[in-house]
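Once you have looked at the hints, place chains X, L and F on chain G.
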Amino acid sequence: MKHADPTSTTYFISDDDLRALTGELLGAGTEVIAPVAVDICASPSAIASSACLRPGVKPIDIEYRALADAAELDLSRGLPVLSLKQYFLPEYEALCCWRQHGVEVEVKAVPTEFAPRVVLAAKPCDSAALAVIDKVMNWDYHDELWNGRREATTIVNLACPVIDESCFCTAVGAAPDDDKGADALLTRVEGGYLMEATTDKGRALVEAHVARFKAETDAGGAERRGRQAAEERAAARVRVAANLEIDAASVRDWIDTHFEDPLLAALGVRCNGCGACSSVCPTCHCFDIVDEEEGIGKGTRRRCWDTCQAPTFTLHASGHNPRDSQNPRYRQRINHKFSIYPLKFGEVLCTGCGRCTRVCHAGQDLVEILQAIDIAARRPEAAAT
Amino acid sequence: MSDAIDISGAAATAGGEADGFEPRITAFVCNWCTYTGADLAGTSRLHMASNVRIIRLPCTGRIDPLFIIKAFERGADGVIVSGCHPADCHYASGNYHARRRFAVFHGIMELIGVDPRRMTFSWVSASEGAKWRDVVDEAVTNVRALGPFDAYRALAPKDAGVAAPAGPSAAAASASAGAKAEAS
Amino acid sequence: MNELRELACTLLTDSTVHVIIGWEDARRGARPAFITDPADTDRLIFDTRCVHDLVTYLDPRRDNVAELGRIGLVVKGCDAKAVAGLLREAQLTRDDIVLIGVRCGGVLEEAELPQAAPLTPENVAPRCYGCDNREPALVDHLLGEAQPEPPRPIMTIDERVAALDAQPLEERWAFWTEQFGKCVRCYACRQVCPLCVCERCVAEKTRPRWIEASAHPRGNMSWNITRALHLAGRCVGCGECERFCPVGIPLSLVNRKLQQIVGERYGYTVSDDPENAAPIGDYRLDDKQEFIK
Amino acid sequence: MSRVGVFVCHCGENIARTIDCAAVAEALKDHPGVAFTEDYKYMCSDPGQQLVKKAIEDNDLTGVVVAACSPHMHEKTFRRAADQAGLNKYMCEMANIREHCSWIHEDRGEATAKAIDISRTIVEKVKHNQPLESIRIPVTKRALVIGAGIAGIQAALDIADGGHEVVLVEKEASIGGHMSQLSETFPTLDCSQCILTPRMVEAYQHPNITLHTWSEVEKVDGYIGNFTVKIRKKARSVNEDLCNGCGDCLAACPAKRIPSEFEAGLARRTAIYVPFPQAVPNIPVLDRVNCTLFKGRRKGLAKEVCGKCKETCLKGAIDYDTEDTFIEEEIGAIVVATGFTLYDIGRDQPEGLKGYGEYGYGEVPDVIDGLQFERLASASGPTAGAILRPSDGKEPKTVVFVHCVGSRDPEKGISYCSKICCMYNAKHAMLYKHKVHDGRAVAFYMDIRAGGKGYDEFSRRAIEEDGAEYIRGRVSRIFRDGDVVSVWGYDTLSGEQVVIDADMVVLATAMRPQDGIRELAQKLSVSTDEHGFINEAHPKLRPVETNTAGVFVAGACQAPRDIPEAVAMASATGAKVLGLFSADELEREPAVAVVDENTCIGCTRCALVCPYGAIEQREICTVDGHVCGHVAYVNPGVCQGCGTCQAVCLSKSVELQTFTDEQIFSEINALCYWE
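If you read the protein sequences in the order shown, they are chains G, X, L and F.
For the first sequence, this note's numbering gives the first residue as 1, with consecutive numbering after it.
For the second sequence, this note's numbering gives the first residue as 1, with consecutive numbering after it.
For the third sequence, this note's numbering gives the first residue as 1, with consecutive numbering after it.
For the fourth sequence, this note's numbering gives the first residue as 1, with consecutive numbering after it.
Derived from the structure by calculation, the hints contain no laboratory data.
No residue lacks a Cβ here, since even glycine has one placed at the ideal position from N, Cα and C.
A hint or two may mislead.
[Said to hold, decoys possible] So the derived list for chain X, only partly shown, Cβ under 8 Å to chain G, looks like this: (1) Arg74; (2) Pro157; (3) Asp159.
Next up, chain G with everything else stripped away, as it sits in the complex (with noise of 0.2 Å):
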């Protein structure tokens, strides 16, 4: 029988095949992360949302989650609540634990080397996002947490199934498509995906289960499937492109230029500064350190997510506040995300995924407020009056 080409990159994974594998990798004890669809409905916790008592289609969450089994892989899914972030950043992480003995203190680092592991059908702007991130993490810092688990794991995206309303990453140069970030790229085709393994690690996947995957060399359908998954996939950046289109260029510089502009200065007067936008954000990377006690002279040290919306992340030992309201609060915001990070690392610190527009409740729409800079940026005239 005919075995995949290692020199070819793109192949054609069949339904049954990508199961099998995935029951391959779990077998050999390799951990897989990909979307899973929860039911929030399990007993007991269905009285918890009407949701759950409504007739008809009960509501899923759908989570990124390591597999127990490859039955549960299920590829049709939307953007999960919370980012692939987690997995790199967690939500708390031991950085080091102490205890003291008398006057010694004895300090113990935590490891920060990881077992390979698998994302599977992870979101394009999910994994754009880590590649943003990996550039301040290697900055004047090389964060071995970070870029220890990202050495360990292995990703492969799905190119976008579900898009709504609130996407927009094409007008921030990625796409639903992408691979950045990423190690593989699927594209649903019929019968299964095409596969196009785009650096070492992704090529070192194919190769370890090369049973798997069939190169696309063969006519026979090739050609068609080609076709098919090019149409998805531009159909798809026509959608999202309806939504917002921007010249992120100019957005980065008018916003380093009009830090003081009303349109800039009033933005959060709406935002509870609740910071649910940075903890689904993919791209917000930022941490608190705490010590957290385990009784006497004994715990552990940890960072742990925090956001630039709450009062007490720019809070001095002083009492003084340099963002001491929402406005500036939320600034900071649009401005880290769309100029001061673009300006640094040559990238703009988001991926078009909308969840902060999604989870808002109080109707701060990234969507409309990157519209209205654009607007600003292109016809400065019309900012100015």
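Structure of chains X, L and F alone, referenced to chain G:
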């Protein structure tokens, strides 16, 4: 991790302890009635279980439910909260305010699934040394029957590289705690 | 609706107030609106999507709202209760705000809908069922015509709490550890709560740090219990904490349980009467104490 | 980094018997922050304290934990020692391993383990103790004495003689109290009036004593050293400055048939009256309830129906339109001496008491109580000292004295012994026999309680010399039988039923605290027992103090007392007050709450729960001085340190010194060492 530092306060509560389990009970008592009542129990040489550790406060009015939560976090299997009888408060009304706070706290803990028998509330006056003995012994008996509060300890963070607090996993623990709750 | 817009316009024009805080229609549905220009008052709406408890914007620590000037706030009955709460706790002076009450027949569970939907047992916010304050008293203006009672939801909050109470202890423990386990400690619940107005939340106090900062199950448990207790006898049941929770923790069940406790034990129902002193911080000599030995 | 010293006391064998003290000291050695540990036989002994002081100096300790007995026992001792060694005394705490450990456990292993835990817990607390300064509050050196019976007068005189002003408040028109009604006093039989009157006058004329009769305490604010007392001066209708006590008005008054309170109802008085001839001040009051003029006014008659007293008064001292007035006094200490009232066997009883139907509910004439007999026997009384029975003024030939009427009778609601009755019954029997030589005095008693100097001899004299017949037993019925009062009793010694046809019966009715004592106690925030007697701070060691600092108690308002006891208590309160006044400031433990103005939002929850009203709102201003909000402020003088404010503070913006959150948090943390 074998070479990790064990920082888990509740290390000794490893499941094996289940037989011959000795409950750890923290008592938050007011200085004027119950603490003095406990003194009287001492001067009257009333023998009682040795599982209780007393934290002295000026008044039950000073007691914040966070004290009790922290005690559970720190490995207590049960708590006792005790102060002056109504109308006897050294500060006139501290215990009345405490009584309402505890009622609400008690209700919430029950909703959440904490067995109320892990929390003993009592009024013990300065002259009730014997009652204090009884409160202590009863609390110890109850909590011994319920077993270790592993369900709460299992909430402790599990960090890579830091020895996880002993005791079964959250699910297992709650199940076992539940089993005990039903048994007793 | 015109009634509302006209009043808003007058109040702004004659500078009775400098900003009207109400609701508007936006790209993704209804959302809070801050109207400072009389010309914009036609943006104001009130329909079943106007779920938001706008009282959260009266938090004295919201400088960016305060600097807009004297506020005219549109309130539903439940929101008015929150205003009373702030008055009760000296966080607000009645004369500093103009309250525009709207007669309310209940709201939907979610605000992010293209247009208002009539209320049905499937879509009505459960908290609206049996509402005792659909025509707020604590207002300067009361608008709209009398509204019908909200429909009975598929399952009322009380029924949910009862269903939960009926579970054995270990089931409840499993349920809540799962729910609180999801918490990412974004504190959205606190930020949107109209009554959480502390300058420095106890969760942020570091000496000592009663509530562990990182989002592990133990810290989450401590935080969620404390949040609930701090609202005992104060919570107006607006449900914003639950609606804003990004991970969907059913906080209104805890809040409702607290309302039941203070109701049953102390005969207290939170109302929009500022004189109706909160039950915690008060006491009766003969308060129930069956749980005390 | 803290350097705590741990000192484990053996307390002889008391602790060492069940706790391995050396092991405790050893275990604490490597406890974080512990710099020194030691165990010793008697830590509270002089060498023990020396050991502590030396260790503090040698190891420059920042904190001290003495693992020994209860802090209620020796905390002061060791804090003093720490202080002498140059360590702030509030950096020293006790770990209670005796009362709470060695005395209540047998197993040495268990007890030792627990003792180690207890010590660790307190070490953790001490690590977070703050060096504190005692609070100093100014003292107003003026005393208020409530009640001007013998106890109140004595207390007032002692304080006044000590050189401090006294405000003496008496609700009746005259001072003197019950003692002024007595004829002779036991066990010396000297005339009550003769020894009391000079004291009354002395009090009245004392330059340091301001007397307010016909007045009551309306309201008490503040705290020890700084009370503000509002006094109600009831409308007297007679101007105290103008009246010269001539008594013409009394003669002129047409309403002459009003039962005299002073004469216990055995005589009549006028509506405008002086309670008794020797009254101090000797100024009448107008009893508006019984006054003809006021009756007319109440009927709403157009013109005044009387006015005779005013017409006769040459000094123009009488004014029918005066009203109650209020005065406020700044006071440093308060003595409560409101005395007693007699239990009445009648039908109508205060809550918890029952009357004596079997004795005829006091409706049988010639069944009188002890005070009435005092008036009969008193030379200044209605009968000028002749024993004549009320019904027909006949001299009674057989008088029955019944002990314990109400007293020691839980069935009637009074479980306690009224203490003085045995003695005054003996006195009454004696006085009767002295006046009616051929008379028969029979006493029914439960036991004779004659503890006291010369008391037993006195009661024996009544029996042995004056021939009073004492029958041990209770009286079951008293009823009128024609001309006589039939008394049915039971002699428990002979086991026989006894029936006596008496001419008069004297009931030794129980002593009760004055009516209204509970209301007064509330104003003073002192507690009362189930009978209404005021609770002392400690039954043995602090008998004249109450649980409210600065409020003292003397005489029969604390428990049944006889005259010498009441006077002794009064002088004791005098000494306490003078002690309090001896310093310009008084020191208090700094266990008070302090507000963090940076995080307080002025929500007033704390103020709502403060039992002492110690918390008020305070404006806070920005640097440029404009008010930017309100925060809570705790008045350290008023705060008593219960900490309720801290528990209700949502943002934890108030800290109770000596029991801070950090201290308690760390104590709880110490529990992690359990294993």
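### Message
Hint compliance check: list the failing hint numbers for this structure, sorted ascending.
### Response
Structure breaks no hint.
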